[in-house]
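Protein chains: 2
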Amino acid sequence: MKEEYEFTMDIRIRFNQGDQVVYGNGISKLLELTEKTHSILAASKEMGISYPKALKIVKRAEEHFQEPLLTRKIGGEEGGGSELTDFGKILLRQFQVLNNDVESYALKKMEEYFSEPISIKIINP
Amino acid sequence: MKEEYEFTMDIRIRFNQGDQVVYGNGISKLLELTEKTHSILAASKEMGISYPKALKIVKRAEEHFQEPLLTRKIGGEEGGGSELTDFGKILLRQFQVLNNDVESYALKKMEEYFSEPISIKIINP
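If you read the protein sequences in the order shown, they are chains Y and X. Those letters in the first sequence? Residues 18 to 142, per the numbering used here, in order. Those letters in the second sequence? Residues 18 to 142, per the numbering used here, in order.
Rather than coming from a laboratory, the hints here were simulated on the basis of the structure. Possibly wrong hints are sitting among the right ones.
Remember, identical chains collapse to one label, so a pair may be satisfied in a single copy or spanning two.
With a cut-off of at most 25 Å between alpha-carbon atoms, the simulated BS3-like pairs for lysine-lysine come out as follows [unchecked claim]:
1) 76 with 62
2) 125 with 19
3) 76 with 138
4) 46 with 62
5) 106 with 70
6) 19 with 76
7) 125 with 46
8) 106 with 125
9) 106 with 46
10) 76 with 53
11) 62 with 138
12) 73 with 46
13) 46 with 76
14) 125 with 70
15) 46 with 70
16) 53 with 125
17) 19 with 73
Quantities reported herein were computed from a predicted structural model and do not represent experimental measurements.
All chains, please: the whole structure from these sequences, using the hints.
Written out as structure tokens, the structure reads:
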């Protein structure tokens, strides 16, 4: 056995309804980038997913929450764009605090549970 | 906005090395079922994954840990079978306690962070 293994760690939290994913880290990142870039197209590019896939992810969550997450501006002086609705902003914030809290907790617990016999050091960038 | 949404939640913890998954909930379940059934074939069937895929998952983890996780008995009176090595058992236990702890914590924090404005009730079976 090596004295200490070095790995990165990731945590994923997902809300589901039946077999369907409602909300998780993927859409959270998508909303975060849409908020930053004011464009779901730019956000999908930055995440390396297709624009139709990004729209589908948002649409599915909107159906489950029965609320729009994005406002869609068509055309206009600066072309189309997307902004988060108030509901979208609140959902994003609540998930972010949960995710950050759980991630910090898991990293702390890793050190506790993976100190011995098997020792793993998390070297997340 | 609905008064309260009802979803199930799942948490996934993963150790990675570069782009490769080293260990996570999938292999953890596979080892757990192999321990119970004394057969990685039976375990893979119960998980609905192919036998070659199951072997590949275990092999990859063994390479990263530089330790065997399973003993493979070929033939013999009762046919082939797989048992966890001591290293495999310890790894499984350490991950299970981490996973259970983080899952409980996340469920508790869900109630805290998703009580308002957006209220989500987790109805895991």
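- request: At 25 Å max between alpha carbons, let me know whether residue 125 reaches residue 19 within a copy, between copies, both or neither.
  value: Close inside one copy (21 Å), not across copies (35 Å); limit 25 Å.
- prompt: Checking residue 19 and residue 73: alpha-carbon separation at most 25 Å within a copy, between copies, both or neither?
  reply: So residue 19 and residue 73 pass the 25 Å test across copies only (22 Å; inside, 45 Å).
- prompt: Are the CA atoms of residue 76 and residue 138 at most 25 Å apart within a copy, between copies, both, or neither?
  reply: Classified as between; 21 Å across copies, 39 Å inside a copy.
query: Is it within, between, both, or neither for residue 76 and residue 53, if the alpha carbons may be no more than 25 Å apart?
result: within (20 Å within a copy, 42 Å between copies)
- request: Pop the pair residue 73 and residue 46 into one bin, within, between, both or neither, using alpha-carbon distances up to 25 Å.
  value: within (15 Å within a copy, 31 Å between copies)
query: Is it within, between, both, or neither for residue 19 and residue 76, if the alpha carbons may be no more than 25 Å apart?
result: Classified as between: cross-chain Cα gap 17 Å, same-chain 47 Å, threshold 25 Å.
Homomeric proximity label, residue 125 with residue 70: Cα distance no greater than 25 Å: Answer is neither: 35 Å inside a copy and 32 Å across each miss the 25 Å cutoff.
field: Copy assignment of residue 62 with residue 138, given that the CA separation must stay at most 25 Å
entry: neither (33 Å within a copy, 33 Å between copies)
- request: If the cutoff is 25 Å on CA atoms, where do residue 125 and residue 46 land: within, between, both or neither? Let me know, please.
  value: Result: close both inside a copy and across copies, 23 Å intra and 23 Å inter.
message: Reference check for the pair residue 106 and residue 125, CA-CA at most 25 Å: within, between, both, or neither?
response: Only across copies: residue 106 and residue 125 sit 23 Å apart there, 29 Å inside one copy, limit 25 Å.
query: What label fits residue 46 with residue 62 when the C-alpha limit is 25 Å: within, between, both, or neither?
result: within (12 Å within a copy, 35 Å between copies)
query: How would you label the pair residue 46, residue 76 (within, between, both, or neither) given a Cα cut-off of 25 Å?
result: within (15 Å within a copy, 32 Å between copies)
Hint compliance for this structure: hints 11, 14, 16 are broken, all remaining hints hold.
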